[in-house]
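Asker: Spelled out, the chains give:
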Amino acid sequence: LAKTTQPISMDSYEGQEVNITCSHNNIATNDYITWYQQFPSQGPRFIIQGYKTKVTNEVASLFIPADRKSSTLSLPRVSLSDTAVYYCLVGEGNQGGKLIFGQGTELSVKP
Amino acid sequence: ETGVTQTPRHLVMGMTNKKSLKCEQHLGHNAMYWYKQSAKKPLELMFVYSLEERVENNSVPSRFSPECPNSSHLFLHLHTLQPEDSALYLCASSQGAGRNEQYFGPGTRLTVT
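So the protein sequences, as listed, match chains A and B.
If you want our numbering, it's the 1-based position in the first sequence plus 85.
If you want our numbering, it's the 1-based position in the second sequence plus 325.
FYI, nobody ran anything at the bench for these hints, they're computed from the structure.
Beta carbons are placed, not taken as given, at the ideal position from N, Cα and C, and that holds for glycine.
Possibly wrong hints are sitting among the right ones.
To be verified - Capping the alpha-carbon separation at 27 Å, the derived lysine-lysine pairs in BS3-like fashion look like this:
1) A:Lys-195 with B:Lys-343
2) B:Lys-343 with A:Lys-88
3) B:Lys-343 with B:Lys-366
4) A:Lys-154 with B:Lys-366
Stated by the list, open to error - Chain A is nowhere near these chain B residues, computed Cβ spacing over 10 Å in every case:
5) Thr-341
6) Lys-343
7) His-398
Using the sequences plus the hints, can you model the full thing?
Answerer: Below you can see the structure in the form of structure tokens.
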């Protein structure tokens, strides 16, 4: 399973775009990149998943360079309610459910 | 509301008690998971069930005993726990074990006294 590295914490202000980068140097060919969001005392919530290039949904965008050794979660115009921990996970779709959560990035959005 | 419910939301139990945590998913998924999250720590995968059969057990102590009677329900039976077992216990489900898109319940906050 590929190990991921993310910044431990980030600060931002309301209305700004936030980019959180995750390093996964030993990503395997069959691995997908998935991001989750977790609020205190709640379960994580799936945000976005991608394999290469760019993926966009109503919540975020995920940018993956050609070598796939890193990925960037982009949150447009954050609000106070986006304050949460964001987890980057890398894994194969049929690996038996082994989601390995790292420390995540604690994002704090200020007014 | 993710379609995964957990009861109770909070539980305080002594080290000699026996209790059970319940999880129910209303998404038609065929895989369910138990995770443990201690304070300021990442989630730890405990058990995985696919089509009601256990496919993963990450060396969890025997004082934690899972049960999956059908694809919609998952239990975690607890007995003779230790104070260090105090944590947030999260249930999740997915369409197929190993899918990275898992849907989590709100969790049960367990305190062992």
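Asker: For every hint, state whether the structure bears it out.
Answerer: Hint check results:
1. Taking the CA atoms of Lys-195 of chain A and Lys-343 of chain B, the gap is about 44 Å. The hint is violated against a cut of 27 Å.
2. Taking the CA atoms of Lys-343 of chain B and Lys-88 of chain A, the gap is about 37 Å. The hint is violated against a cut of 27 Å.
3. A C-alpha spacing of about 26 Å is found between Lys-343 of chain B and Lys-366 of chain B, which places the hinted pair at or below 27 Å, so the restraint holds.
4. For the hint linking Lys-154 of chain A to Lys-366 of chain B, the alpha-carbon distance of about 25 Å falls within 27 Å, and the restraint holds.
5. With a closest Cβ-Cβ approach of about 27 Å to chain A, Thr-341 of chain B is found to remain outside the 10 Å limit, as its non-interface label requires.
6. Listed as a non-interface residue, Lys-343 of chain B keeps its Cβ farther than 10 Å from every Cβ of chain A; the least gap is roughly 25 Å.
7. A cut-off of 10 Å between C-beta atoms confirms that His-398 of chain B is not in contact with chain A; the least separation is 17 Å.
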